[in-house]
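Student: Sequence:
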Amino acid sequence: MKQSSLFLPHGAPDLVIRPELQAHQFLKTVANTETKPKAILVISPHWQTERLTITSAGPLKTIHDFRGFARQLYEIEYPASTPNWLVHRVHDAITRYGLTVNEDNTRELDHGAWVPLSLAYPEADLPVLQVSLPYSYGSEESYNLGRALAPLSEEGILIIGSGAVTHNFSEVADSGDVPAWALEFDQWITRLAENGETCALLSSSNHKHYKKALPTDEHFLPLLVAYGAAGEGAYGEKLHESFTYRSISMSAFRFHANKPTETTSSTRPSPLT
Numbered sequence: 001m002k003q004s005s006l007f008l009p010h011g012a013p014d015l016v017i018r019p020e021l022q023a024h025q026f027l028k029t030v031a032n033t034e035t036k037p038k039a040i041l042v043i044s045p046h047w048q049t050e051r052l053t054i055t056s057a058g059p060l061k062t063i064h065d066f067r068g069f070a071r072q073l074y075e076i077e078y079p080a081s082t083p084n085w086l087v088h089r090v091h092d093a094i095t096r097y098g099l100t101v102n103e104d105n106t107r108e109l110d111h112g113a114w115v116p117l118s119l120a121y122p123e124a125d126l127p128v129l130q131v132s133l134p135y136s137y138g139s140e141e142s143y144n145l146g147r148a149l150a151p152l153s154e155e156g157i158l159i160i161g162s163g164a165v166t167h168n169f170s171e172v173a174d175s176g177d178v179p180a181w182a183l184e185f186d187q188w189i190t191r192l193a194e195n196g197e198t199c200a201l202l203s204s205s206n207h208k209h210y211k212k213a214l215p216t217d218e219h220f221l222p223l224l225v226a227y228g229a230a231g232e233g234a235y236g237e238k239l240h241e242s243f244t245y246r247s248i249s250m251s252a253f254r255f256h257a258n259k260p261t262e263t264t265s266s267t268r269p270s271p272l273t
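Just so we're aligned, residue 1 is where the sequence shown starts under this note's numbering, counting upward by one.
Derived by calculation from the structure, the hints in this document are not laboratory data. All residues carry an ideal CB built from backbone N, CA and C; glycine is no exception. Watch out, some of these pointers could steer you wrong.
Think about it this way: if two alpha-carbon atoms lie no more than 20 Å apart in a straight line, the pair counts; the simulated PhoX-like pairs of lysine-lysine are [what the hints assert, rightly or not]:
| # | residue 1 | residue 2 |
| --- | --- | --- |
| 1 | K2 | K259 |
| 2 | K2 | K38 |
| 3 | K2 | K238 |
| 4 | K238 | K28 |
| 5 | K259 | K238 |
| 6 | K36 | K2 |
Label pairs and their in silico Cβ distance ranges [stated by the list, open to error]:
| # | residue 1 | residue 2 | range |
| --- | --- | --- | --- |
| 7 | R191 | Y97 | 39 to 45 Å |
| 8 | A124 | A180 | 35 to 41 Å |
| 9 | Y74 | G233 | 39 to 45 Å |
| 10 | V178 | T216 | 18 to 24 Å |
| 11 | R71 | P151 | 41 to 47 Å |
| 12 | M1 | S170 | 40 to 46 Å |
| 13 | I17 | R246 | 18 to 24 Å |
| 14 | P83 | A180 | 42 to 48 Å |
| 15 | A173 | G58 | 38 to 44 Å |
| 16 | S136 | K36 | 31 to 37 Å |
| 17 | E123 | M1 | 36 to 42 Å |
| 18 | D92 | E123 | 23 to 29 Å |
| 19 | R191 | R246 | 38 to 44 Å |
| 20 | T106 | A173 | 34 to 40 Å |
The task is simple: from the sequences and hints, build the whole structure.
Tutor: Printed below as a string of structure tokens:
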């Protein structure tokens with residue numbers, strides 16, 4: 001059965017041990033609204049590489065790629081593994097699209113992947129493969145990576161982009177109201193996603209708050225991968241909205257193909273091919 005792709009927040013690593021957070025509770029229930037997938041493919045901003053790379057077959061050890069958090073976090077393990085069939089299938093889909101991809105037999109699962117997975121799929125009973133985010137990728141390259149992965153959704157493989165719509169470390173705080181710029185940018189991205197405005201999404205760096213929301217864009221690009229993975233006529237369904245540490249967006253989206261006719265405009269930009 002076809003899987004709709006997802007964009008999930010991973011926030012700060014302590015999200016996984018803070019049940020009082022709305023995003024924590026959301027992630028614990030999100031799998032209840034999804035058909036159980038055959039496997040999971042995840043793109044995290046915390047695995048950036050020179051060249052597009054996927055994990056090789058084998059166990060995926062848990063990386064605690066952060067510091068300064070509670071000891072409890074460093075004891076969490078997410079015992080995922082990548083089977084040969086999944087590596088071959090993902091490699092084939094990417095190369096058929098015309099992209100070159102490497103395999104890494106040393107890569108482990110970073111917190112951008114295991115934090116949302118440990119809440120959404122705590123049993124760790126599904127095959128998992130992680131795809132890197134090349135340093136050179138911008139909006140169009142990320143979207144086209146999603147398009148390359150789109151056929152996998154037809155086979156029951158769940159494609160998850162992990163990140164944040166707003167991610168500015170200089171603006172985080174333990175308390176305080178969500179800044180107006182963060183709310184405005186998050187809501188603007190939401191409207192574009194819900195309306196399936198591909199060209200506008202890929203040109204989101206033109207927004208007046210883009211540099212404030214995303215001084216670097218690696219946390220936003222996985223959203224575009226997930227959007228592209230939905231296929232032709234993609235549009236977003238917002239599943240959750242909240243903020244942590246004052247300004248980090250925890251928005252989550254499910255992306256579908258073939259936007260309903262009644263809300264499709266003839267002037268809506270077509271996806272890039």
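Student: Please go over all the hints and tell whether each is borne out by the structure.
Tutor: Tested hints:
1. K2 x K259: 16 Å, holds
2. K2 x K38: Cα-Cα ~10 Å, so holds.
3. K2 x K238: Roughly 19 Å between the alpha carbons, so the hint for K2 and K238 holds.
4. K238 x K28: 16 Å, holds
5. K259 x K238: 14 Å, holds
6. K36 x K2: Holds: K36 and K2 sit about 11 Å apart, inside 20 Å.
7. R191 x Y97: 39 to 45 Å: The hinted range 39 to 45 Å is violated for R191 and Y97, with Cβ atoms some 29 Å apart.
8. A124 x A180: 35 to 41 Å: 40 Å, holds
9. Y74 x G233: 39 to 45 Å: Once the Cβ atoms are compared, 44 Å apart, the range 39 to 45 Å for G233 and Y74 holds.
10. V178 x T216: 18 to 24 Å: 21 Å, holds
11. R71 x P151: 41 to 47 Å: Distance hint for R71, P151 holds at roughly 43 Å.
12. M1 x S170: 40 to 46 Å: About 43 Å separates the Cβ atoms of M1 and S170, which means 40 to 46 Å holds.
13. I17 x R246: 18 to 24 Å: 19 Å, holds
14. P83 x A180: 42 to 48 Å: 47 Å, holds
15. A173 x G58: 38 to 44 Å: Since A173 and G58 have Cβ atoms about 41 Å apart, the given range 38 to 44 Å holds.
16. S136 x K36: 31 to 37 Å: 35 Å, holds
17. E123 x M1: 36 to 42 Å: 20 Å, violated
18. D92 x E123: 23 to 29 Å: Distance hint for D92, E123 holds at roughly 28 Å.
19. R191 x R246: 38 to 44 Å: 23 Å, violated
20. T106 x A173: 34 to 40 Å: At roughly 37 Å between Cβ atoms, A173 and T106 fall inside 34 to 40 Å, so the hint holds.
Violated hints, in rising order: 7, 17 and 19; the structure is consistent with all others.
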